[in-house]
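Could you put together the complete structure from these sequences and hints?
These protein sequence lines are chains A and B, in that order.
With the first letter of the first sequence counted as 1, position 239 gets the number 239 in my numbering; the numbers rise by one all the way through.
Each number in my numbering corresponds to the 1-based position in the second sequence with 1000 added.
Where hints are given, some of them may not hold.
[Unchecked claim] So, partial list: chain B residues that the calculated Cβ filter (under 7 Å) puts toward chain A:
1. Gly1071
2. Gly1106
3. Tyr1136
Just so you know, the hints here were simulated from the structure itself, not pulled from any lab data.
The beta carbon of each residue, even a glycine, is placed where N, CA and C say it ideally should be.
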Amino acid sequence: MVDTTIYSARKIITMNPARPTVSHVAVRDGKILAAGDLSELETWGDYKLDETFADKVLMPGLVEGHAHTMEGTLWRYVYCGFFDRGDPNGKIWDGLQTIEAILGRLKEAEVQIDDPEAPLSGWSLDPIYMDNTRVTRADLDSVSATRPIGVLHASGHILNVNTKALELGGLMKTGINHPGIPLGADGYPTGELYGPETMTPVGVHVGFNRSLTDSDDQGLRDFAKLCVRTGVTTITDLAARLDDEGVEAMLSVTGEYDYPARVVPLQFFMGATPKETVDKVVGLKTRATDRLRLGRIKAVADGSIQGFSARMRWPGYHNGAPNGLWYTAPEQLAELYRLALAAGIQVHTHTNGDEATEMVLETLAPALKDMPSPNHRFTLQHCQLADAAQFRKMKELNMCVNLFANHHFYWGDEHYRLTVGPERALRMNACRTALETGVPMAIHSDAPVTPLGPFFTAWSAVNRLTASGRTQGEHEKIGVEAALYAITLGAAYTLHLDDEIGSIEVGKNADFAVLEDDPTEIGGDYLKDVRVWGTVQGGRIFAVSKL
Amino acid sequence: MTPPLSVTVIGGYLGSGKTTLVNHLLRNANGLRLAILVNEFGELAIDEDLIEAEDDDIISIAGGCVCCSFGSDLTGALLDMAKLDPQPDHVLIESSGVAIPSAIAGSVSLLNGFCTDGIVILADAETIQSSARDKYMGDTVLRQLNDANIIVLNKTDLVNEAHLAETKRWVGQQTGGVRIIESSHSIVAPQVVLGSFLVQQTLGVPHFEASDLEMMTVTLREPVHVENLAKKLAGDDLGLIRAKGFVTSLTGKKTLIQVVGRRWETSLAPDSTLNGIVCLGFKRLISKHNIEKIGNVAS
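See below:
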């Protein structure tokens, strides 16, 4: 007995140019049987008509091409960010605009903890929005002097701790001479710790342990809840360690009958040779399931622009900071690319500065000559500073790009003023240039660095507004249609999944974002405000209200 | 109280011979229990015959040495090393080809129970100058050289004398005259790389007779101005590469002096220690007489 459900909707945006909007979609076995009007769909035989979405707008399930499952775990800590942000359970946490407000929220959380020794952890602090006023250990001591406290910054690269935490980490002493540990007038650390090497000894005492980037079972489930809330049905975990235990856990959790998202974890190229990494991923690929798409690699070429660790071409940083750091040598990347191309494994490479982008382009070119692979779809992740010539090279090499559109809103003002200066700030995350050059493009949130929410990301690419409300880079704005493509088929393409997801047409997975508002009608200015009712993933319905 | 665990950082760009050096040190550990931390396990390629046992995280090596990879968590790996029983005598970090060694040493200095034993940078005599001009890696290579307390100019067998002399001159110029040891196939007296070898009394003088290095112990019985002495030992004139040992300060306190190239530090030591500084230097320059003379001036 064939089981077909036909859903009616106010409007179905298909992303299929042959029939851009339809009124009905038929689903069978978790796949799209047909999209069209009811009379067309009825020709497939018996069906059940489901009118749940009769007043909703459907579009293809959204695809987030660069995020980290850690977002799910972090929500167990106290949110200390400047902007309002929704947690997995739907609570909207107000943004905190002053240090007093942050300390207040931490105090509220502190009194809830019974165990006097237990740490108190917060996350998403960003002093940039508070006139760069630094949080000190004395501030955090006012929350508790006896319990270790740590608050992670939004960037993930700075940790603020209290005196007790410094004591436990052995850093509450004078005479420290380290660029990552600023000292106060009294010669003791101020409580700000920069970089993983300074964060780790103290971090373990304040709840930020060594495997911070690994998500546990609960974190993975919470992460998926955020997906439903934001219309996402396929999402990446862009730098996973993927040890045996982690893979088992991910297979098990994503395999739960009601797990609502398809997770694409990329093996982090770190701590193993290119050959070991490629061999491992070839093995992992055979274990992939529909909801856990193992079999891809993420490499990191440089650091971050706001951390001044990105590798910049001349003339370097606007404020004169020395050039940043390489995280992987060109020789290692060259070997990785060759082996991965030979094995048919895709590699995504993080580059932030334009010198890092240049290095990757120059390294991939000869590898492709040795190992021609027209459909490799190797993708540059972030690639924030690429100029037009670099996009042309990407095109020549058949590369894809996933631009960090959200960054523009959150740190655009800093880039203009401090890191790269006006001219280069205007071209950052050059969506229009990418598209006009013909480089397949996605846009991303890098959650938890910025909040997960493809409609916000699309809004960022359409409007290019910074947090202070300036339009930065009028020329690089893209239209709503292009932005919606980027968060569906565009992102799917960078993952070799555009044949399965990203549009509503026959044969594809029945993955839908179910919306209260029509993103093509609401207007570019309001794209971020599109209300999400929930998702359909593989034909299964997930309502936000029932999470 | 257990003395802090000494940590040497070995750096240098890809292909400079770091892995070969590690194997050489393991082969010549002479009873010293070394713990080797490498960025990536696969890169290490420990010689098969040295390996006693192997699991995911740690390789056990003949003579009580161990080796493990730290990936992105150096601090965690160091803390693990400190928990080993028995504790290793010395930790050696092989940093990745693109790492900034001073950043690694800085991180080590933050950890209680550890002390840094200097930064030794390997440079490939044949390619170092072209690496330093590389469009992408040039500044990283130069930063690595400038972080060095001691530079091992390796693969000297691959270049002719004129090239070697020119390279040495160039390295000296780039680094403002850091101590340079020549080697081929990473064969270096272990004392150059690891200060712990200096004070292992059982080890005696370096057994690399062919080397241009010499080791001697100088005993200063009179109290000395510790800092002046340390500064002089680290000066260029005496030709010392490393020095480590105990003296009595002008206020009568037993003091440990440690010199690595031009870097020196002093710290208080237990009263029961015997005076004596083990010095490693260039054979053509080092002189017991000169060192003692400086000791007398400082006293």
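Verification of the supplied hints:
1. Gly1071: OK, holds: Gly1071(B) within 7 Å of chain A, min 3 Å.
2. Gly1106: 5 Å, holds
3. Tyr1136: Interface hint status for Tyr1136(B): holds (5 Å vs cutoff 7 Å).
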